[in-house]
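Novice: One letter stands for each residue in the lines below.
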Amino acid sequence: MDDATRQVLWNIKHVWVMYVLLVPTAVVAGYGVYRHVRQWRRGQPSARFDRPIERLARVLKMAILQATIWRDPLAGALHAMMFWGFVTLLIATTVVMIDHDFNVPIMKGSFYLYFQSLFVDCLGALAMVGVALAAIRRWGLRPKKLVFSDEANGILVLIFVILASGFLLEGWRIAATNDEWSSWSPVGLMVARVSTTVVSVDALRTAHLIVWWGHLLLVFGLIAWAPYTKLLHIVTAPLNIYTSNLDAPAGSLQPIDFESAEVFGVKNLEQFTWKDLLDLDSCTECGQCTSVCPANAVGKALSPRDIILDLQRQLPAMGRPLSGHTDVANEPSSIIADGTPLSAEALWQCTTCGACVETCPVAIEQYPKIVDMRRFLVMEDAQFPRTLQGALTSMEQRGHPFRGTQASRTDWADGLDVPHIKEVDQPEVLLWVGCGGALVDRNQKSTRALAKLLQHAGVKFGILGRDESCTGDPARRIGNEFLFDTLARQTIETLNSHQVHTVVTACPHCFNTFRNEYPQFGGKFEVYHHTTYLAKLIGENRLTLDASQIGTITLHDPCYLGRHNGITDEPRQILAKVSEAPLIEMEQHGTQSFCCGGGGGMSFVDEPPDQRVNVERSKQALSSGADTIAVACPFCTTMLEDGVGALQSDRKVVVKDVAELLWDSVENSNAAKADVGDRDKS
Amino acid sequence: MSCLLPGMELDRATIGLVAEAERIARQLSVEHVVVASGVPAELLQHATRQADRVVVLPTKEPGDYQIEPCLAALHTVGAELKPRLVLLGQDTYSQEIAPRLAHRLQGCSIGDAQRIEIRDEKIHVTRGVYGGKAIAVVRANVEPAVVWTRSRAFAAEPERSAACQVEHHEGGTDDSSGSEIIERSREAASGVRLEDAQVIVSGGRGLGGPEPFAELGELAKSMKAEVAASRAACDAGWVSPSLQIGQTGKKVAPELYLAIAISGASQHLMGIADAKVVAAINTDADAPIFRHCQFGLVEDFRKVIGPLKEQIEESNG
Amino acid sequence: MKILVCLKQILDPEVSPRDFQVDPDRLEAVLGSASLVTNIFCENALETALQLREGSDSEITAMTFGPDDAEETLRKAFALKVDHAYRIATPEIPHCNSAGAATVLAAAIKKLGTFDLIMLGRESGDWGEGQTAGLVAEMLGLNCVSFVDQIDIVDAGVHLQRQTDVGREKLVSDTPVVVSITNTETNVPRIPKTRDIMLAHRKELTTWTLDDIGLDEEKVTRAANATQVVELYIPEETSSCEFITGDSLDDRIRELAQRIANIVQSV
Ligand SMILES: Cc1cc2nc3c(=O)[nH]c(=O)nc-3n(C[C@H](O)[C@H](O)[C@H](O)COP(=O)(O)OP(=O)(O)OC[C@H]3O[C@@H](n4cnc5c(N)ncnc54)[C@H](O)[C@@H]3O)c2cc1C
Ligand code: SF4
Ligand code: SF4
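Chains as they are written, first to last, in this note's numbering: chain A, 10 to 691; chain B, 571 to 887; chain C, 14 to 280.
Bound conformation, chain A alone:
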């Protein structure tokens, strides 16, 4: 077995021709990549090289192990087969090179047999299966999320021909040389057997020669062509994953330096960072992002994939005026244009739910680009939907986005004896109520429940009452970074002046802002979402409760809790205590939850009745069959209650915050105890 090997470059003469051909191939491919590098370098700075270990781990997980692609099992399988197949073939070729060109005889013995023959043969076959599956998917199943182009067809055919010719070459070599180790290459052997039954060995020898050069030309051709196609992602994807935002989607939005920025937000590609531009060149056109986009799911124009691809299409013209696209001053006009995927209409449909970012196999950040363009529309162009104007003006003038609310910040606390934080001696926590929890009638019930729970558990807490103001979350996501900047600094200042260190809030949006965005402005607080804090209190046995007979529950994970901040267990822990029936999970839950439609300022615009995200999510929740839809966010509460109402189901399904449900069980347990007490007395 030790002498097992084969002759490298059998049957081939004038091998030098190959080396000569390699030069133009490398030049063309190199130039193809260089073109892009040159473009990326024209973007704005962005620091993306810290924490190298984490970054490498990410590349390992996402690129090498292909972790995210598996979301779509078929796509995941076929891509992994081709990816691992080609990686193996690449290694095999490298082995040949080491053996032949560097005269290091490694192609022998068991390594040759197990790896170079058997393994490579099998993975090559796997790649063929992958190609076949891709062909079935692309030409048979035709899923909506794919981009159907000649380029994509061409690539698939080319890959097939290359793989097939590779196997023919192997088989013919085996047949012609009567390779004694051929049983280690099962596919090659099969080809050999079939071929010899059809033609003579001599003919095979000639055919081998011709096909070998053909195969070579195709491979070189593909290498040279790849950087000019979506296959560019072979280079860009790992790079993109390495330099991706490790904190995405939560920490994706960056502050603007208003003193030095030339344009606020993004009007043209030049205002994107180099990383954004690299993003554009990394897209594999897989369509995964659009397929999970809630706005797209309800039939709206927004498609994150098409936004990325349209931006990518504009890349070559970067800095140059597009023909027919210049404004009076002969400056390149904005990339935002009606009738394209980058229409203002589409940009105003994004809920910033982050599903696109979370699912993208190559770590592209789609929605931050949408927010960047919104920034331009709001701050430079001052053109945006009128009801959003109302919300922004209200935030600016009154410190909350709910124009017309009749409630004051403390109405919810009527009769509860909740003190202002400054009246509490050494408070454990500040209860940050949030605009949604205080100023929207419905949510006052949830806020009351939370306050009663804290009181019940004996937590020393206070509120800011009238000193509370909007954290700025809607302003930031609507694109008014200037307003966000002001509100953020104000809030941080207020909290600091009251020496607040620990914050509990029922609003995932506030939570996210405190946790991931205020650090950008020097505000560092220990912040808990109420589900986490309540779970902690239960764990510490500070709450006594009885599970009640409230029937079945399903949980809607708020995007800014689950996906953006990875908190999915705590609400479930609480619900497990609240109801005896096991939790019913909707198909899309946890970090892959489907948006309620209320984020990104979208609770302040009126969506067309037949294109409502909240109705779609309510449908999903209702069809789970649960009697109660548990939520953990004031915005989700109103969105889902509205959606459930619109669907007018016969069943009486209620939407309740986790805190409300928990308080019910606490009361339940108190009542039970009181019952027992009564009986004892009698």
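Everything labelled a hint here was simulated from the structure, so no lab data went into it.
Ideal placement from N, C-alpha and C gives every residue a C-beta, glycine not left out.
Some hints here could point you the wrong way.
[What the hints assert, rightly or not] Some, not all, of what chain B presents toward chain A, calculated at C-beta under 10 Å:
| hint | residue |
| --- | --- |
| 1 | V699 |
| 2 | G702 |
| 3 | A706 |
| 4 | D805 |
| 5 | G807 |
| 6 | S810 |
| 7 | Q814 |
| 8 | T818 |
| 9 | G834 |
| 10 | Q837 |
| 11 | F865 |
| 12 | E869 |
[As the list claims (entries may be wrong)] Sample of chain C residues facing chain A (criterion: CB under 8 Å; computed from the structure):
| hint | residue |
| --- | --- |
| 13 | D25 |
| 14 | S29 |
| 15 | R31 |
| 16 | V35 |
[To be verified] Derived DSS-like pairs: lysine-lysine, alpha-carbon spacing no greater than 30 Å straight-line:
| hint | chain 1 | residue 1 | chain 2 | residue 2 |
| --- | --- | --- | --- | --- |
| 17 | B | K820 | B | K879 |
| 18 | C | K183 | B | K692 |
| 19 | C | K206 | B | K791 |
Let chain A serve as the given structure and place chains B and C with the ligands on it in line with the hints.
Specialist: Chains B and C with the ligands alone, transformed into the frame defined by chain A:
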């Protein structure tokens, strides 16, 4: 003195206005003079049975009004009569004349009067301020007090048995005005924008379809109201989305907002924060709308709308 | 065309009723946690002026009479790119009414020279007196047209349009003229661009005292004292809903109709 300007008719508002002037004149023991310009004959007739004198200013034709000449004429008459109180109505013309007339007569002006009283010999006017959130009593320290009144704020007075004479005044001197109304188009009464409407009848999802909205329209007509809707009703396509009230719809400030089969979601309530009185008809006594109502009826709208319309029409006379 | 727009800063009319309080001694609303905003009709006036400037060669001056805080209102006007801004600082006059304010504004306008169009809001969202435009006109000896919602510049002056109780009216007027502006679909205030907001803080803003415009406090006080607020209170809230009761449905409907009719007839 009370002023009747072009456009005024013999209606509740005008009758109340003249009656109030009559009452104050008696309290102050002064003469009550009605000064009229371009108003219909039956209104003049009525005035002669409420006032001590009726003075008519010249106009080219009935209803004709030009700002500067009208102001000049009133100024001339006012200077002759030296009134303590000049009462005007709520119409656009009265409102624009009031402060300027006060200035010319070296008096003071107070608008939107809901009540006029004499305390310690001085004229006091009660009016809503801060969008109705507060009520102020304002004293006129100099006279004449030129006051325009909230229409229909005042009750009628019995007519006198004897009518007084109608005098004709030659008017003011200012005819070369510099600002002139050159076109006036009377338009259908339905042109009131929801934002300006004084009474609104609003329907929600509980109506169940477009047909009840037609009935609502009839009811609204009897109340001189505009029809509006919740988003749920607009979404269902029963009425035009332009009728939507709320956070993402219109914000209105009527004197009365009657919500029929509307639950009162907070997004809806945000549109009616400035309504003076909210009333509701709903089958569900626990509907949140009732928490924001002054009065309400727990009943199926189907049993209510028809009879309610008849009752209101009856009380309209 | 030289345009002057007078702007007033007021207590936010949208403050929640629960947060609204009055000071029974000073007879004024308490600011409390409410914010100060530019009166909406003044913003409509400014918007109308900005639109006029877009179609003509015009210059806009903004003016306010108010305390230091009112500077914010002028900064916002600067953010919308008015050309000049003046503030006349308020002396301590308890609740300065329209008569007082008009005296001050008229004196300041006189000092600035002539304007073709002097625009004000039809009334303010706090005291809602609706008099300032008329009084300024009288004091300057100019014509005044109220409740205007559209202005077009024509050769001979301006065309003005307004909605009155008797219908829509179109006026032609010489200039200078004082105009009070009301809201309509087309003069919804625009949103400033962020850069302009930032630049607004660097713009030169003139602050005048009464002395600067040749007035003494005494004169303003005298004008303002023509009327005097003697009571200010918050009407008792009928917080809970009164459910209409009655033996028969007929009775209940009759009662409901009566209550509705009472309100409708007082409108
Ligand atoms: C982001 C966002 C923005 C929104 N903006 C707005 C907005 O601007 N304006 C708005 O209105 N809504 C808005 N909504 C919707 C709002 O949340 C409610 O869903 C909507 O107002 C409900 O309308 P409704 O009261 O007509 O319907 P429902 O809530 O379904 O109420 C129907 C009512 O009719 C009663 N009823 C049923 N039958 C009868 C009968 N026979 N007689 C008498 N009563 C009966 C029922 O008791 C019930 O109270 C918004 C929602 C969201 C999420
Ligand atoms: S953030 Fe959500 S709504 Fe926005 S593009 Fe991505 S998936 Fe769509
Ligand atoms: S952006 Fe990402 S998820 Fe979307 S199509 Fe491109 S590669 Fe796929």
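Novice: Now tell me, hint by hint, if it's right for this structure.
Specialist: Status of the hints after comparison with the structure:
no., hint, result
1, V699, "19 Å, violated"
2, G702, "13 Å, violated"
3, A706, "22 Å, violated"
4, D805, "4 Å, holds"
5, G807, "8 Å, holds"
6, S810, "13 Å, violated"
7, Q814, "8 Å, holds"
8, T818, "4 Å, holds"
9, G834, "8 Å, holds"
10, Q837, "7 Å, holds"
11, F865, "18 Å, violated"
12, E869, "21 Å, violated"
13, D25, "6 Å, holds"
14, S29, "4 Å, holds"
15, R31, "4 Å, holds"
16, V35, "16 Å, violated"
17, B:K820 <-> B:K879, "26 Å, holds"
18, C:K183 <-> B:K692, "40 Å, violated"
19, C:K206 <-> B:K791, "45 Å, violated"
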